[in-house]
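Trainee: These are the residues of each chain, in order.
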Amino acid sequence: MPQLFHRGMNTLARLSIVIGLLVAGGGLMFVIEFNRTPYVTQAFQPREQPVQFSHKHHVGDDGIDCRYCHTTVETAATAGLPATKTCMNCHSQLFANSPYLEIVRESWRTGQPIKWTRVHDLPDFAYFNHSIHVNKGVGCSTCHGRVDMMPLVWNEASLHMEWCLQCHRNPNAVLREQKDITNMEWVAPKDHAEKGGAELAKKYNIQPKNVLTSCSTCHR
Amino acid sequence: MAEVKSNYVDQRPPMIGGKYDLKTMTTKLMDVVFMRGFQKGWMFGFAIVFLGLLMMANTIGYLVLKGVGIWGNSSPVFWAFDIINFVWWIGIGHAGTLISAILLLLRQKWRNSINRFAEAMTLFAVACAAMFPALHTGRPWVDYWLFPIPNTMGMWQNFRSPLMWDVFAVNTYATVSLLFWFMGLIPDFATLRDSAKQPWQKMLFGMLAMGWRGDARHWSRYESAYLLLAGLSTPLVLSVHTIVSFDFSTGIVPGWHATIFPPYFVAGAVYAGFAMVLSIGIPVRKFYKLEDFITMRHIRNMCKVMLATGLIVCYGYAMEAFFAWYSGSTYELFMMKNRMFGPYGYMYWLLILCNFLVPQLLWVKKYRENMWVIMTVCMFINVGMWLERFVIIVMSLNREFLPSGWRMYYPTAFDFSMFFGTIGFFLTLMFLFIRFVPMIPIFEMKTLLPQAQVDEHKVAQIEEAKNDGKEPLGGSQPVPQFGD
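Protein chains in written order, with this note's numbering: chain P, 975 to 1194; chain E, 2 to 485.
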C-alpha cells in the first residue's frame, strides 16, 4: 500500500502539539489582556460634554476647590453634579454674553438641568459611596487623576475590580490627611504605606483587610 | 504427550455468537460506517431526534435573550429542573466509565463489545449535563469565571465551595473520558483507513489513526497507555458523583445534609447509566442485527449490575428515612413526612415504584432474557432516577425551616423543552456516532474470536513434537543440549 502522507507530516504532527498549546495559551492571554485595554475600558478617552466646560481651566487655572461644585462628596454616595445655579454664581457676571455659555443660560431660564455626559460609570452591582472614601482619607486625585490637567475629563482608571482591590488590599499606601483631600498635586511620600499611611489608617479607624475585601462590602 | 483435559464446561452463553472469522467480523462491523447513503430507519429516527435538538437550541436562544426567569425556578426553589437534569445526565455517563475502566481492570472480557458506545454515551451525557449549570448561571457569557484563569477581577474562585469542585470534577471527567474513547478508537481508525475506498476517507481516517501501523511496539505502548488511563478513570467513577453529592450534602438543608449521599449517589449513577446503556443498546442491537456481538450474556450481566446497584440505591432510600427518624430533629422528621405525604408525595411513591418495585422483576431469569421486559424496566429506572433527583432537590427546598417561605414549584413549558431538548441532542449525537464511527471496537472483538484463543501450553507441545529428534530450532546449526 502506498504511503498516504508525506514524511514531513510526522514533524507536522509533533509540531501540532506545541502549536496547539501556543494557540490556546496565546488566545487566552489575548482575551485577558484585551479586556484591560482602553479600547474596552474606555479609560483615557475624553468625553464630549454639552457645554465646553474645562476642568483644567476651572481647577487648574482658577483654583476652585472640587467641593465647590461637587457638594455632596463628603456626605453622600454620589459626589453630585452642580445645579445650573452654581454655574450662574459666577457666569451671571463673567462671560455673561459668551455664546459658549448659551446652553447654561438657557437652562437657567427654563429650569431644565443640563444633560452632562457621565464619565465614570460603575456597574450597578457594585455599591460605591464617595463619602466613606473621602472621609477616610482617600483623595480625589487617587481615583480621578490630575483633573486639573484635563480640559475634558476622562476616566483615569479601568474601573475593573482588580483596580478597586489594589487599594482595598493595601489602603495605607494612598491615605492622606483631610487637608490634602482635594489637593491635586499630592503624591505619597517615600515608605508612606509603612509610616504615615499606617498612622493615618489607625486615626481613620480603617477596617481590617478581611472587611475591606469581603464580597458584601461592595456587592450588597 | 497426553492431552490436557478439563472437566470444566462453561455454562454461560458465549461472549460472541455466530460463526465469524477475523475477516467476516471486521467486514460486518465496518459495513455500518462504509455503507453508502443512509437507511430509511436511521433517517426517520434521526429526523425525530434532530427536532429535539432544534427545540433545545431554540430554548437556549430564548433563555439567553430573556434570562432564567422563563424557567419555573423561584423562591424558595432556586434549584429545580436545571440541577435535576444536570445530576441525571452526569449519572447516566457513569456506566461508560465503569464499563471501560473498572471492567477492564477486572479483566471482564464481555465489556469489549459494549465499551465503545457506552463511552460515547458518557461523553454525550456529560455534554448535556454541563449545559445546565452553565445556563443556570443566568449569564452564560461570563461562565469562564468558573475557571481559575487570570482575570480582571483580581481574585480567584472560592475553592472552598463544592460547586467549584464540581467544575473540576466534571471537566476532568469529560477530558479523561474523551481521551479514553479516542485512544480506543485509534486502532479501529487504522483498520478503516486501510479498508477505505475513497481517497478522502483514507485521508480522514489516516489523520485520526495518527500513524498507527499495528506495530508490536504500537500495541505494547497502546496497552500500557490504555491501562494507565483506566487506572486514572477508575477513581473518577467514584469521585465525580461523590462531588456532585457534595453540592447538596455540604448544605444544611434537611434532606440534603446526609453522610450517606456520596455512596448512594454513585450507586444511583451506575444504576441509571446501565439502564441507559440497555435502553440504547437493545434497539441498536436489533436494528443493526448485532445479536452475535451484544449477546444475551452481556444483557444478562448488565441486568445483574442494575439489580445490585438498584438495591444499594434502595438501601439509601431506607437509610434516609431511618436517619430522619433517628436524628430526632423536628426539621428532618418533617422533611421525611413532607416527602412521603406532602403535596408532592405522589412523586416519592412513584420513585419507589420505578426504582424499587419494578426492577425486582430482574430477579427472575425468564425476565432477564425478555427484551420487552428489560426495556420496560430500564425505562422505569430512567424515569425513577430523574424522580429521585426531583424528590431530593425540589422537595427539600419547597418547605424549608420557615413555614412563611413555603411555596410550591411548578415547571414551565421551557423547563420541559430544555429537558426533552437535551434528550434530542444526546440522541442526535448517538445517531451520528453509530453511523460514522465503529460502535463496536473491531480489534477488541477480534480477541474474543476462537482463532485468537491461543493455548500457549498446546503451542509449546506442538513445537516440541515438531522438534522431537528432528530438525532443531535455528536451522542446520545444532543447538547445544544438556550433557554435550
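If you're looking for bench data, these hints aren't it; they were derived computationally from the structure. Do not rely on the hints blindly, as some may be mistaken.
Short derived list, chain E residues pointing at chain P, Cβ under 8 Å [as the list claims (entries may be wrong)]:
no., residue
1, 152
2, 153
3, 204
4, 207
5, 344
6, 348
7, 351
8, 436
Idealized CB from N, CA, C, for every residue including glycine.
Trainee: Output the indices of the hints that this structure fails to meet, ascending.
Mentor: Violated hints: 5, 6, 7 and 8; rest satisfied.
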